[in-house]
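With these hints in hand, go ahead and build the complete structure from the sequences.
Protein chains in written order, with the working numbering: chain D, 73 to 190; chain F, 90 to 204.
Among the clues, some could well be false.
[Said to hold, decoys possible] Label pairs and their computed distance ranges (CB to CB):
no. : chain 1 : residue 1 : chain 2 : residue 2 : range
1   : F       : P97       : D       : Y126      : 23 to 31 angstroms
2   : F       : G92       : D       : T77       : 26 to 34 angstroms
3   : D       : K150      : F       : K103      : 44 to 52 angstroms
4   : F       : P164      : D       : E101      : 28 to 36 angstroms
5   : F       : V101      : D       : A143      : 26 to 34 angstroms
6   : D       : T92       : F       : R166      : 35 to 43 angstroms
7   : F       : V101      : D       : K142      : 40 to 48 angstroms
8   : F       : V177      : D       : S84       : 18 to 26 angstroms
9   : D       : T187      : F       : V177      : 15 to 23 angstroms
10  : F       : Q106      : D       : E89       : 43 to 51 angstroms
11  : D       : I189      : F       : A187      : 35 to 43 angstroms
12  : F       : G129      : D       : T92       : 20 to 28 angstroms
[What the hints assert, rightly or not] Listed next, the stretches of chain D that the computed footprint assigns to chain F, with coverage defined by at least 3 CB atoms under 8 angstroms from CB atoms of chain F:
no. : segment
13  : 134-142
14  : 152-158
15  : 183-190
What the hints contain is simulated information worked out from the structure, not anything from laboratory work.
Beta carbons: idealized from backbone N, C-alpha and C, even for Gly.
Letter by letter, the chains look like this.
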Amino acid sequence: AQTVTQSQPEMSVQEAETVTLSCTYDTSESDYYLFWYKQPPSRQMILVIRQEAYKQQNATENRFSVNFQKAAKSFSLKISDSQLGDAAMYFCAYRSELRPDTGNQFYFGTGTSLTVIP
Amino acid sequence: NAGVTQTPKFQVLKTGQSMTLQCAQDMNHEYMSWYRQDPGMGLRLIHYSVGAGITDQGEVPNGYNVSRSTTEDFPLRLLSAAPSQTSVYFCASSYSKAGARSPLHFGNGTRLTVT
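Written out as structure tokens, the structure reads:
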């Protein structure tokens with residue numbers, strides 16, 4: 073089974089600064105997707121960004137961007153101009169393209185709790 | 090747009106009681122799943138389904154039962170609640186037949202406490 077590792081249980085950033093959350097994964101597959109989810113205190117799980125493994129170009133969504141290094145199996149999330157509303161738990165997730173029998177199962181990291189300091 | 094509807098939001102059970110967490114989605118997703126979230130452990134898959142009539146175990150299935158009689162509904166049953174089942178539970182769904190591009194859509198979660 074694939075494993076997803078988030079080595080930073082907690083991170084903090086000053087408001088308006090930039091922060092990078094790390095994620096690494098272990099797989100022997102070549103086709104897959106990677107996701108970042110945000111979970112604010114409301115407990116809701118919100119999709120932040122998605123990256124296709126076959127695309128070399130890094131995905132970007134407004135202030136959120138990723139640094140995808142396929143050979144290194146690394147998928148970090150960069151949050152620019154951090155805002156108080158960015159404070160949340162962030163989860164990295166992997167989804168295989170090659171396991172339709174399991175519904176192309178998702179694998180999640182253990183999360184990084186981000187604090188934004190005013 | 091309802092998306093994934095999960096009920097109840099909160100539940101307190103005594104050890105040995107049983108209950109069912111309800112989950113329904115209106116997006117015609119083939120894939121539905123249940124996760125539990127515990128501090129420091131991320132999201133762990135309990136059971137999943139790739140279509141009506143098809144279910145399978147995830148990483149932590151013991152003590153839980155599921156069924157999928159329709160595309161829309163995927164209830165999770167706790168057979169005999171134990172304090173170790175105190176957790177936050179999420180139902181989530183996704184397209185799967187078209188490949189892995191589709192993200193998971195989550196319900197709002199259920200905080201379950203077993204005393």
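For each hint, the structure was consulted:
no.: 1; hint: P97/F / Y126/D: 23 to 31 angstroms; in the structure: 41 angstroms, violated
no.: 2; hint: G92/F / T77/D: 26 to 34 angstroms; in the structure: 30 angstroms, holds
no.: 3; hint: K150/D / K103/F: 44 to 52 angstroms; in the structure: 47 angstroms, holds
no.: 4; hint: P164/F / E101/D: 28 to 36 angstroms; in the structure: 32 angstroms, holds
no.: 5; hint: V101/F / A143/D: 26 to 34 angstroms; in the structure: 49 angstroms, violated
no.: 6; hint: T92/D / R166/F: 35 to 43 angstroms; in the structure: 42 angstroms, holds
no.: 7; hint: V101/F / K142/D: 40 to 48 angstroms; in the structure: 46 angstroms, holds
no.: 8; hint: V177/F / S84/D: 18 to 26 angstroms; in the structure: 24 angstroms, holds
no.: 9; hint: T187/D / V177/F: 15 to 23 angstroms; in the structure: 20 angstroms, holds
no.: 10; hint: Q106/F / E89/D: 43 to 51 angstroms; in the structure: 48 angstroms, holds
no.: 11; hint: I189/D / A187/F: 35 to 43 angstroms; in the structure: 42 angstroms, holds
no.: 12; hint: G129/F / T92/D: 20 to 28 angstroms; in the structure: 21 angstroms, holds
no.: 13; hint: 134-142; in the structure: violated (count 0)
no.: 14; hint: 152-158; in the structure: violated (count 0)
no.: 15; hint: 183-190; in the structure: violated (count 1)
In summary, the numbered hints that this structure violates are 1, 5, 13, 14, 15.
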